[in-house]
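Chemist: Each chain, written out:
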Amino acid sequence: MSYIKKPKIIRENALRNKLGMTLTDYEGVMSTLCAGCGHDSITGAIIQTVFDLNIEPHRLIKLSGIGCSSKTPAYFASQSHGFNSVHGRMPSVATGAHSANSELFCIGVSGDGDTLSIGMGQFTHAIRRNLNMLYVIENNGVYGLTKGQFSASADVGSTAKKGAPNVQIPIDPCQVAISIGATFVARSFSGDKDQLVPLLKAGLMHRGFAMLDVISPCVTFNDHEGSTKSYLSTRESKREALYTDYIEPFSEIEVDYDQGSSIEVDLHEGGKVILRKAEKEFSPLNKSDSIRIIREAADEGEMLTGLLYIDENTPDFTEMENTVKKPLNEIPFGDLCPGSKTLTSLQKNYK
Amino acid sequence: MSYIKKPKIIRENALRNKLGMTLTDYEGVMSTLCAGCGHDSITGAIIQTVFDLNIEPHRLIKLSGIGCSSKTPAYFASQSHGFNSVHGRMPSVATGAHSANSELFCIGVSGDGDTLSIGMGQFTHAIRRNLNMLYVIENNGVYGLTKGQFSASADVGSTAKKGAPNVQIPIDPCQVAISIGATFVARSFSGDKDQLVPLLKAGLMHRGFAMLDVISPCVTFNDHEGSTKSYLSTRESKREALYTDYIEPFSEIEVDYDQGSSIEVDLHEGGKVILRKAEKEFSPLNKSDSIRIIREAADEGEMLTGLLYIDENTPDFTEMENTVKKPLNEIPFGDLCPGSKTLTSLQKNYK
Amino acid sequence: MSKPSHNNFTVKFANVNGTGSSSANGMFMKSIFRMGIPVVGKNYFPSNIQGLPTWYEIRASEKGYLSPSGTVDIMVAMNAQTYAEDLASVEPGGYLIYDSSWPRKELMTREDVTVLGVPLARICNEKFDTARSRTLMKNTAYVGVLAALLDMDVAVIEQLLLDTFGAKKHLIDANKIALDMGFDYAKENFKCPLSFSAQTTNKTDGHIIIDGNATAALGCVFAGATVGSWYPITPSTSLMDAFSGYCQSLRKDKETEKNNYSIIQAEDELAAIGMALGAGWNGARSFTPTSGPGISLMGEFLGFGYYAEIPTVVFDVQRTGPSTGMPTRTQQCDIMACAYASHGDTKHVCLYPANPEEAFYLSTEAFNLAEQLQTPVFVLSDLDIGMNDWMVKDLEWEDGYEPKRGKVLGKEELDEMETFYRYLDVDGDGITYRTIPGRHPKGAYFTRGSGHNRLGGYTENASDYQDVVDRLLVKWETAKTLVPQPEISYSKKNKIGIISIGSCNDAIRETRDVLKKQGQALNYLRVKAFPFNDKVETFITQHEQVFVIEQNRDGQLHHMLITETNADPKKLKSLRFYNGIPIFAKDIIQQIEEEINSGKAA
Amino acid sequence: MSKPSHNNFTVKFANVNGTGSSSANGMFMKSIFRMGIPVVGKNYFPSNIQGLPTWYEIRASEKGYLSPSGTVDIMVAMNAQTYAEDLASVEPGGYLIYDSSWPRKELMTREDVTVLGVPLARICNEKFDTARSRTLMKNTAYVGVLAALLDMDVAVIEQLLLDTFGAKKHLIDANKIALDMGFDYAKENFKCPLSFSAQTTNKTDGHIIIDGNATAALGCVFAGATVGSWYPITPSTSLMDAFSGYCQSLRKDKETEKNNYSIIQAEDELAAIGMALGAGWNGARSFTPTSGPGISLMGEFLGFGYYAEIPTVVFDVQRTGPSTGMPTRTQQCDIMACAYASHGDTKHVCLYPANPEEAFYLSTEAFNLAEQLQTPVFVLSDLDIGMNDWMVKDLEWEDGYEPKRGKVLGKEELDEMETFYRYLDVDGDGITYRTIPGRHPKGAYFTRGSGHNRLGGYTENASDYQDVVDRLLVKWETAKTLVPQPEISYSKKNKIGIISIGSCNDAIRETRDVLKKQGQALNYLRVKAFPFNDKVETFITQHEQVFVIEQNRDGQLHHMLITETNADPKKLKSLRFYNGIPIFAKDIIQQIEEEINSGKAA
Ligand SMILES: Cc1ncc(C[n+]2csc(CCOP(=O)(O)OP(=O)(O)O)c2C)c(N)n1
Ligand SMILES: Cc1ncc(C[n+]2csc(CCOP(=O)(O)OP(=O)(O)O)c2C)c(N)n1
Ligand code: SF4
Ligand code: SF4
Ligand SMILES: [Mg+2]
Ligand SMILES: [Mg+2]
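Those protein sequences? They're chains A, B, C and D, same order as listed. With this note's numbering applied, the first sequence corresponds to residues 34 to 384, in that order. With this note's numbering applied, the second sequence corresponds to residues 34 to 384, in that order. With this note's numbering applied, the third sequence corresponds to residues 3 to 604, in that order. With this note's numbering applied, the fourth sequence corresponds to residues 3 to 604, in that order.
These aren't lab readings, by the way, just hints derived from the structure by calculation. Since the model is a prediction, treat every value here as computed from it, not as a measurement. Backbone N, C-alpha and C define an ideal beta-carbon position, used for all residues, glycine too. One or more hints might be untrue.
Heads up, simulated PhoX-like pairs for lysine-lysine below, C-alpha to C-alpha not over 25 angstroms straight-line [unchecked claim]:
| no. | chain 1 | residue 1 | chain 2 | residue 2 |
| --- | --- | --- | --- | --- |
| 1 | A | 359 | C | 413 |
| 2 | C | 395 | A | 381 |
| 3 | A | 195 | D | 260 |
| 4 | B | 51 | D | 395 |
| 5 | C | 573 | C | 537 |
| 6 | C | 170 | B | 194 |
| 7 | C | 572 | D | 482 |
| 8 | D | 395 | B | 381 |
Computed footprint of chain B on chain A; a stretch qualifies when at least three of its residues, placed anywhere within it, have a C-beta under 8 angstroms from a C-beta of chain B [what the hints assert, rightly or not]:
| no. | region |
| --- | --- |
| 9 | 153-163 |
| 10 | 194-202 |
| 11 | 208-217 |
| 12 | 325-339 |
With the hints as extra help, turn the sequences into a complete structure.
Modeler: Listed below in structure tokens is the structure:
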């Protein structure tokens with residue numbers, strides 16, 4: 034339910050997924066972002082993702098902080114449960130929501146400001162807990178909503194629309210995530226839906242915290258010449274480390290890939306990813322490798338994209354905590370309240 | 034000035050530094066930590082450091098957050114300016130203090146809880162700003178002051194004094210610091226003063242943010258069998274990656290070292306470090322190397338110590354910000370207030 | 003104040019922390035309790051781990067007064083460092099026991115205090131081998147001394163040893179030896195018993211000794227809370243420790259042995275409250291315990307919870323402020339910080355337990371109110387309630403109990419609905435319907451802390467915005483009808499009343515008893531919840547003068563009584579106690595007498 | 003309210019944001035101003051960047067009333083999306099201008115509004131080539147239309163174009179063309195001028211047009227602030243933008259061209275206040291601007307600053323709460339959140355500017371008070387003051403001005419001292435002496451938020467602790483003598499008064515003028531600072547009834563007047579306006595009249 038609904042016109046012959054739903058059913062209210070904003074493309078890719086994965090909308094929760102990027106959960110999956118929290122603190126809300134019911138799909142959307150400045154603490158600790166969620170950073174190198182201040186991901190030398198170039202070293206969410214111990218680390222570009230959608234799918238089906246850093250140009254404040262997060266500069270500097278395919282569970286599709294240079298990883302929530310390596314001497318299953326090639330690329334002014342690290346074996350938060358699988362919010366009160374007899378006997382210890 | 038002063042008995046023939054001060058002059062009030070606490074050894078090493086470096090006490094500011102570790106600034110250098118702030122937020126206070134006068138020496142003392150949990154955001158951003166300070170983490174893997182909960186640096190499998198072993202992946206401050214872009218990253222052990230003191234000196238004389246992670250066993254809550262941060266376990270797992278010497282400025286001492294396997298780095302605030310490599314194929318001037326060897330050691334259950342990374346070339350915060358060298362807190366008011374004429378002419382723009 | 007008498011006396015233990023004194027001191031208290039004598043223990047411990055002075059004060063009182071007496075009849079002075087001040091704090095006519103093993107220079111004495119030297123170290127060193135047991139047994143030995151001096155029932159103590167150490171026979175034996183040594187030494191060397199002693203009675207039947215963090219945690223367990231998030235902070239830490247302890251035995255899934263609960267140690271308090279809200283939003287009963295600094299850090303999220311209307315429970319175990327203040331001392335200094343937490347126009351439902359018993363019941367009630375009112379609810383305890391050992395009535399539970407989950411739409415209701423709107427006030431009580439994520443395709447809605455209209459849509463429209471914040475005021479009125487009523491003791495004859503809050507209760511009970519005896523009977527109202535309801539205002543109106551008693555510097559309850567009722571502020575006289583020590587009846591009595599004698603009061 | 007007349011009218015522009023309308027709207031306002039007519043501009047913009055409705059409202063008023071009139075005489079309806087509501091908001095007898103380039107279906111009309119179609123797009127498309135200039139020039143063209151309708155001095159507008167675009171001749175030319183096109187079209191097609199028009203006068207001499215974030219920033223520059231830390235948040239962002247802009251030209255070191263200041267974009271508000279405190283502690287004048295959510299996040303550190311006694315200045319440019327609320331709408335909803343920020347017993351000095359002029363003077367004053375009182379000082383501005391364009395008197399500065407740095411010990415004083423104790427109240431005013439790190443070997447001391455005694459040592463002792471928090475109350479009394487006095491307009495004849503705060507001021511000025519004309523003169527007191535001083539209480543005592551007017555839901559000033567003075571609360575009647583739009587005189591008048599007519603007021 035939402036207030037300003039887009040007029041939903043579903044064509045008769047519209048493509049339907051296994052639930053009989055159309056793409057339009059997964060849309061949200063009308064975007065109020067600037068025309069051309071990278072974030073809107075990511076919204077589109079997310080819509081495609083949840084449609085393709087046949088996710089029942091009400092089994093999906095979508096959370097965010099504050100920022101242009103954080104507004105986007107309102108723009109997809111209007112039949113899902115949305116939670117636009119406070120600035121930089123979405124991970125904690127997701128942690129609580131997940132504890133109450135770990136069976137729901139969970140997508141968090143954040144910005145580079147929301148994650149890397151005010152949100153750094155919660156971001157790193159959600160990674161440490163390996164919370165089972167897809168965490169998308171819509172990374173534009175600026176604070177869009179507050180009108181164009183540099184964010185912590187702005188590159189050294191990148192110029193502001195007006196004013197001096199940035200002098201502080203950028204924080205790279207991928208390197209930070211790996212250093213904290215993330216189990217799924219990927220990077221992509223809002224302008225590359227072909228790469229983005231499989232990564233979103235794999236991230237959502239991954240068991241544990243899937244961090245997806247998506248370069249998403251801000252057309253209003255950071256798309257000019259001199260900006261390293263512009264469409265132009267991103268297209269030029271971007272290099273794919275791996276080609277990623279997501280293969281649905283029980284898919285009949287025979288995938289044709291060269292065993293030698295490919296890696297196949299079964300995902301815990303279903304399906305698998307096929308990673309076709311473009312880089313030699315690099316395995317996305319080895320953290321030191323991942324960090325090294327990210328750094329080397331950065332030193333050469335290149336931005337590595339694709340699934341940069343994956344580890345499907347580490348237990349996720351609820352497993353580590355030994356919590357029952359059944360949603361806690363559905364356990365009958367009778368099973369939770371020990372009752373009067375227990376209370377009486379327990380009090381013997383206090384006599 | 035402090036309330037409960039230790040009785041200061043200075044022996045006639047006590048060793049004096051170039052300022053004519055004795056070690057005792059650099060002590061603080063009586064420690065109230067548990068007998069045997071690692072933190073007290075670090076306090077001792079810091080006293081030695083500032084004594085040896087001939088630092089005028091009142092030119093030193095010493096700041097901390099909250100925790101047993103954060104109490105220690107009261108236990109050294111009682112003639113220096115102390116600031117025991119709030120939990121996890123010492124870096125911001127240091128940043129402000131440094132902005133007001135960047136000529137003072139600045140030591141920040143923190144704990145693993147204070148830095149890696151509540152303080153993660155400020156810690157990483159102080160690194161990003163390359164704030165010119167020495168930042169010591171007194172790392173015991175627990176919250177000492179609140180009586181023994183696991184901290185974020187507790188190793189997987191490390192047992193609590195009572196209760197279950199830790200299941201969450203530890204956060205390694207060295208890896209995080211390098212991934213954020215720290216310019217000085219070192220690790221040591223409270224029980225190894227020979228290694229610790231040169232590292233403290235080098236860190237204090239380094240231009241920019243010097244991060245020193247010191248394993249500092251908590252005898253009360255985390256020194257038992259099963260704990261990986263106990264004295265015993267730390268002694269066993271610790272491996273030195275580099276032998277570090279600090280050589281004072283204008284020192285007459287001829288150092289005898291094998292050029293081939295050694296590296297010499299001039300420090301911005303004076304003196305230099307000589308690094309004698311124990312590890313092959315590792316340069317503390319290369320971040321990817323540093324991360325790799327730290328990880329590899331960790332995988333083998335070893336903890337690498339020594340100066341793990343150094344970069345003396347990156348400008349520090351005030352340089353990046355293009356601030357005058359002269360302390361801002363000493364600029365005469367006349368140079369700061371533009372005066373009435375300027376106010377009048379400036380207002381023409383608003384007519 | 004009054005002279006000690008049988009079953010009415012205060013014993014204070016001055017120790018060094020980390021020396022294991024607490025189990026001996028606890029043993030002494032429990033023995034008194036088992037002899038049927040009402041008793042309370044107050045712990046004054048330092049904010050460090052080892053080596054600093056720490057005190058434990060045990061008050062026995064036939065009438066069951068549970069606040070400290072403010073006097074010391076017997077001082078067990080085991081800490082040389084604080085000997086002078088410990089001696090000074092003994093009442094004239096009182097006793098001081100010290101370890102006379104080695105002759106001390108300058109042993110201070112007082113003419114009006116009987117100083118009893120016992121060579122505790124020496125006799126223990128003779129009997130025990132290890133340093134550890136020598137230290138520990140010194141403590142047990144002074145319990146033996148007290149047992150002789152106070153004529154205690156030794157069988158009770160021995161039974162307690164059996165109950166405590168169970169199978170560990172060597173511990174039982176060692177303690178027994180130490181106990182006897184102390185006992186015998188006293189019998190031989192001192193006039194036993196003293197003029198006041200402990201005499202077996204039955205005044206503690208149907209009671210337990212427990213602290214309020216444990217009972218609050220039990221409340222969470224019985225209320226069916228499943229998600230608890232927290233960041234360690236004194237004095238709230240033991241609440242989560244207790245919850246965790248109870249859950250380990252009471253909350254394992256029968257089949258899988260897995261946890262029917264989730265306890266999350268957060269990275270800080272901002273995260274802890276975010277988690278609690280996330281879980282509350284997603285239909286779990288959730289809570290987070292904290293103390294002052296945590297409340298400050300939770301401010302932004304608390305306003306979010308208020309405005310987005312999300313249930314959760316926040317325990318504030320108050321300690322001495324401001325800032326870090328004195329983390330191991332008590333105060334009631336967050337009353338306003340909680341009631342109005344967050345920027346913008348916010349106000350929060352708060353509950354104020356007076357003791358561990360109420361902490362249990364109000365804790366369970368908080369979960370009901372949070373869900374009924376769809377808002378964060380505070381339980382304001384304090385260090386005194388939370389960490390001290392109180393004697394309270396046995397806790398009771400009715401097995402037919404049904405939790406009040408509030409207006410949550412179920413499957414059938416949603417099936418029948420055309421469209422669900424989250425913020426539509428259908429019933430006119432300001433409380434709207436909510437849904438739980440994942441349960442029904444029609445239940446989805448969007449939760450936000452930014453401007454929203456009654457349908458749940460984003461808005462920047464002036465009247466749509468105002469519509470919702472005005473409805474929250476309607477809900478506030480409804481809250482007044484749901485929160486616990488104040489506890490009132492009223493007689494028409496009395497022209498002067500007392501209004502107070504929380505842990506002041508016991509000192510006030512004692513105050514009233516004393517003043518009544520002196521012919522000055524006072525009525526009494528204790529607020530148990532904010533918002534206040536009409537009875538508070540009525541009470542003030544009924545009196546010529548009302549003393550408002552609380553444990554903070556700025557008179558925070560006094561402030562709120564003035565602004566949140568229409569009562570005449572001139573009638574209210576604020577009395578404040580805020581040095582970090584629990585309030586004493588004698589101090590209240592003194593102040594009230596001064597007021598009354600100076601003619602300021604009616 | 004009243005009919006429009008010469009130099010008294012309101013023009014409202016309905017635009018889409020991101021279409022460059024603001025420069026045209028500004029040009030219109032500035033031209034009115036330069037014609038000597040008092041004028042104010044209010045901007046109602048959305049919390050997004052592009053594509054949503056945005057309004058700009060310009061009120062010309064001979065008397066210089068700077069609050070919105072609450073009425074629209076001419077609506078320039080450039081946004082099809084909001085056309086219906088824009089039309090509805092025009093006063094009977096008013097005008098609506100719209101772009102008639104393409105025939106719109108269902109063009110709504112009203113019988114009592116004259117709808118004037120101007121084919122703005124068409125005429126601009128004919129004249130201009132690029133999409134960008136076509137969009138922009140449409141805006142200039144409607145200024146031309148208004149110039150004709152209102153009989154404006156075209157020479158003034160042309161001069162303004164020259165001043166604005168300077169060397170950019172092509173822009174001057176383009177605008178000139180667009181202006182003429184609009185002007186000519188109106189002249190040819192409509193009856194010009196209207197019954198009300200703009201007539202040159204001299205009422206704006208000695209005035210400027212400026213927003214309060216710019217003046218507050220100027221205050222920081224002139225007060226000698228050197229360290230500013232911040233985290234971006236609407237509506238405070240432009241304060242730091244302005245500070246940064248002024249510093250770039252006014253604060254470069256003459257020799258090195260380096261910065262004589264440090265502006266730190268923090269990672270969040272917790273860090274921003276930590277930095278400000280660190281700098282204040284280290285002797286720099288420091289400040290941090292923020293808005294509601296930032297205040298909540300700063301709570302813990304603010305209590306630290308209060309207790310450890312560290313000077314700094316916090317600007318709270320208030321916006322509509324609670325929580326994220328409406329970030330681009332105004333309110334005065336953080337009055338209590340700031341006054342009592344943090345847990346524990348804390349209270350803070352707050353200043354309340356009424357307009358950009360006062361924002362300048364109170365900003366400089368805040369730095370003095372922070373250092374004199376050694377405590378964080380708040381300046382509570384709001385979105386209306388901070389981001390709207392106000393006409394205020396020229397700002398003045400006395401060159402002999404000496405900043406008041408408070409009790410900072412210098413070299414000589416320390417040389418002479420035996421030992422320096424940080425928290426010793428030598429002068430009995432509650433303010434103790436401090437030192438600046440690095441300046442003198444004897445100056446060292448230890449700063450902490452935990453319990454400390456008067457010598458600066460750590461303490462957990464009850465009376466040593468109380469000693470210091472009691473001294474802070476003495477300081478609070480001293481603060482009452484140092485903070486700015488309220489502004490009072492009083493006549494013995496009047497039995498009814500108004501107390502208000504901040505940006506309500508102009509609407510109240512207008513209210514009083516209107517009511518006085520109607521025979522109902524009201525006295526007026528505006529608080530400029532917290533703590534209040536005696537005059538506030540006296541004022542209440544002097545009246546039978548006092549209306550307390552403020553822009554928040556819960557009557558926060560009203561609360562504080564009741565608790566922080568001894569005045570009779572029955573006399574105070576709270577009137578609250580909180581829909582996010584700046585307060586209108588007509589709404590106040592209506593409410594006061596209702597109160598008076600219903601006999602509720604004297
Ligand atoms: C506590 C708090 N501080 C500041 C703000 C103001 N604010 C809103 S969005 C934003 C930054 C957003 O940047 P980013 O996360 O990169 O999102 P973008 O708009 O660039 O997509 C800030 C600082 C806020 N809403 N809350
Ligand atoms: C805001 C806040 N939350 C919680 C606390 C309680 N607290 C005090 S010290 C501490 C942890 C200290 O751990 P660490 O930094 O590792 O220091 P250690 O005692 O182990 O040296 C905590 C949680 C606090 N003081 N402030
Ligand atoms: S300001 Fe930038 S980030 Fe925000 S909506 Fe516009 S283009 Fe996107
Ligand atoms: S508790 Fe642990 S960290 Fe704290 S003082 Fe004792 S040994 Fe040190
Ligand atoms: Mg961004
Ligand atoms: Mg620790």
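Chemist: The structure should be examined with respect to each hint, and the outcome stated for every one.
Modeler: Status of the hints after comparison with the structure:
1. At most 25 angstroms may separate the alpha-carbon atoms for a hinted pair to count; residue 359(A) and residue 413(C) meet this at roughly 19 angstroms.
2. Annotation: proposed proximity of residue 395(C) to residue 381(A) holds, straight-line Cα distance about 13 angstroms (limit 25 angstroms).
3. This hinted pair checks out: residue 195(A) and residue 260(D) have alpha carbons roughly 20 angstroms apart, not beyond 25 angstroms.
4. Only pairs whose Cα atoms come within 25 angstroms are accepted, and residue 51(B) paired with residue 395(D) is rejected, the gap being roughly 60 angstroms.
5. Between residue 573(C) and residue 537(C) the alpha-carbon distance is near 16 angstroms, which keeps this suggested pair within the 25 angstroms criterion.
6. Restraint check: the Cα-Cα separation between residue 170(C) and residue 194(B) comes to about 20 angstroms, which is no more than 25 angstroms; the hinted pair holds.
7. At most 25 angstroms may separate the alpha-carbon atoms for a hinted pair to count; residue 572(C) and residue 482(D) meet this at roughly 23 angstroms.
8. For the hint pairing residue 395(D) with residue 381(B), the CA-to-CA distance comes to about 13 angstroms; that is within 25 angstroms, so the pair holds.
9. Requiring three or more residues with a Cβ within less than 8 angstroms of a Cβ of chain B, the coverage given for the region 153-163 of chain A holds, as 7 such residues are present.
10. For the region 194-202 of chain A, the stated coverage by chain B holds: 3 residues have a C-beta nearer than 8 angstroms to a C-beta of that chain, and at least 3 were required.
11. Under the rule that three or more residues need a Cβ within less than 8 angstroms of chain B, the assignment of the region 208-217 of chain A holds, with 6 such residues.
12. Counting residues of the region 325-339 of chain A whose beta carbon lies closer than 8 angstroms to any beta carbon of chain B gives 3, which reaches the threshold of three, so the coverage claim holds.
Comparing the model with each earlier hint shows a violation of hint 4 alone; every other hint is respected.
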